[in-house]
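There are 2 protein chains.
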Amino acid sequence: PPGRKVLIVYAHQEPKSLNGSLKRVAVEELSKQGCSVTVSDLYAMQFEPRATRNDIVGCLHNSEEFNYAVETWEAYKRGGLSSDVSEEQRKVQEADLLIFQFPLYWFSMPAIMKGWMDRVLVQGFAHEFPNCYDSGLLKNKLSLFSFTTGGSEEMYAKGGISGDIRYLLWPMQHGIMHFCGVKVLAPHICFAPEYVSEEKRKEMLNAWAQRLKTIWKEEPINCSPEWYFK
Amino acid sequence: PPGRKVLIVYAHQEPKSLNGSLKRVAVEELSKQGCSVTVSDLYAMQFEPRATRNDIVGCLHNSEEFNYAVETWEAYKRGGLSSDVSEEQRKVQEADLLIFQFPLYWFSMPAIMKGWMDRVLVQGFAHEFPNCYDSGLLKNKLSLFSFTTGGSEEMYAKGGISGDIRYLLWPMQHGIMHFCGVKVLAPHICFAPEYVSEEKRKEMLNAWAQRLKTIWKEEPINCSPEWYFK
Numbered sequence: 264p265p266g267r268k269v270l271i272v273y274a275h276q277e278p279k280s281l282n283g284s285l286k287r288v289a290v291e292e293l294s295k296q297g298c299s300v301t302v303s304d305l306y307a308m309q310f311e312p313r314a315t316r317n318d319i320v321g322c323l324h325n326s327e328e329f330n331y332a333v334e335t336w337e338a339y340k341r342g343g344l345s346s347d348v349s350e351e352q353r354k355v356q357e358a359d360l361l362i363f364q365f366p367l368y369w370f371s372m373p374a375i376m377k378g379w380m381d382r383v384l385v386q387g388f389a390h391e392f393p394n395c396y397d398s399g400l401l402k403n404k405l406s407l408f409s410f411t412t413g414g415s416e417e418m419y420a421k422g423g424i425s426g427d428i429r430y431l432l433w434p435m436q437h438g439i440m441h442f443c444g445v446k447v448l449a450p451h452i453c454f455a456p457e458y459v460s461e462e463k464r465k466e467m468l469n470a471w472a473q474r475l476k477t478i479w480k481e482e483p484i485n486c487s488p489e490w491y492f493k
Numbered sequence: 264p265p266g267r268k269v270l271i272v273y274a275h276q277e278p279k280s281l282n283g284s285l286k287r288v289a290v291e292e293l294s295k296q297g298c299s300v301t302v303s304d305l306y307a308m309q310f311e312p313r314a315t316r317n318d319i320v321g322c323l324h325n326s327e328e329f330n331y332a333v334e335t336w337e338a339y340k341r342g343g344l345s346s347d348v349s350e351e352q353r354k355v356q357e358a359d360l361l362i363f364q365f366p367l368y369w370f371s372m373p374a375i376m377k378g379w380m381d382r383v384l385v386q387g388f389a390h391e392f393p394n395c396y397d398s399g400l401l402k403n404k405l406s407l408f409s410f411t412t413g414g415s416e417e418m419y420a421k422g423g424i425s426g427d428i429r430y431l432l433w434p435m436q437h438g439i440m441h442f443c444g445v446k447v448l449a450p451h452i453c454f455a456p457e458y459v460s461e462e463k464r465k466e467m468l469n470a471w472a473q474r475l476k477t478i479w480k481e482e483p484i485n486c487s488p489e490w491y492f493k
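Chains as they are written, first to last, in my numbering: chain A, 264 to 493; chain B, 264 to 493.
Treat the hints with care, since some could be wrong.
Which copy is meant is left open, so a pair is good if it fits within one copy or across any two.
[As the list claims (entries may be wrong)] In the DSS-like style, the derived pairs of lysine-lysine whose C-alpha atoms are separated by at most 30 angstroms in a straight line are: (1) 340 x 279; (2) 402 x 279; (3) 480 x 446; (4) 493 x 421; (5) 476 x 402; (6) 340 x 480; (7) 340 x 465; (8) 446 x 493; (9) 446 x 421.
Because the hints were derived from the structure by calculation, they are not lab data.
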């Protein structure tokens, strides 16, 4: 609906890929609804995935023994995180919905997106003990993991060789988003797009556009072990 | 035993950290046994985690639409992967045992190590359909994930707020190592070292050294859903 803000964190090297098209479809559909949509195109930005001392501007809290979690927490509090990180935090802060669009790499997100999680969701900003899980600092936001796979739906079935696809969603949805208090909408999965017809790929794009039409009416999943491991 | 080769892939920014000490202890103990030990110190190497066109030397197989998996597969076959990737592949090829030493970041490995997986374990080298899982191309090798956590053992218990620690091992152990045919030894986990005494941290280092004394007698875990989700 008008006024809602969406951040799409997107990790694919090729605009012509299905991931590129899924991202474009989301921008179009959500904009049409009157949402304000921001895209972090990680490869185009050459986003830095490594968590290093460079993320802290100025002096360290303890330069004798570098502790990334402590240093970024301290730096956040005094406004001393590097500008690429604080810019992403500003986008997250403004967003009502975070969409992560990527190809599944090794049962997880590509390293460039994992680096976005590692560097952006620092203590003080996204969580601050005991404010984690249901009381995480990013509560009242929604998230959605939208991704493509190499393996087929059969391989990712319960009893399939790669196991239920939900098993691999646990670290991303529960370990990251839920930990920060962000509610999780059902994932959107396009299985093995490289092995289907052009027509089937168009159906995949249509299905995503259709889902987005009613996305604001969806209820989050119950992000607990039962959902993942029944 | 003499002659065995070990590759330690290590991801911590600070040599004085517990991860740094765990790495050092492993180098010392395994060298003492007569093993030949190689360390890939990812932060010190400023290892590139991003999967990009730069990983392919020379012309692309299809420059109209960049597909990382296809391009790296083709490049591998003609010896055209970038030198940092092929150097890591050489180390993997020679190793009998791969040890991954890292602090847990967001229920997974730090992005710099995920990038090592994304870029080094390319098709043709580590797997090549249908040679995956038990027939993966890196069979006859062992792997071991050794890591520290922020959360306590209670948080990572079954029924704990963060769920059984085994849940988050699925993508790393099954989705990556098992997929490539690598057998998986039981993980080595140091829970919440930042919240225990210096003496307890010394015990953690000792326990690791002790375990390594008989590491070559260990049997791999049964890397199937039952181990993870019972």
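Inset, instruction - Please flag the earlier hints that this structure goes against, numbers listed from lowest up. - result: 2, 6, 7
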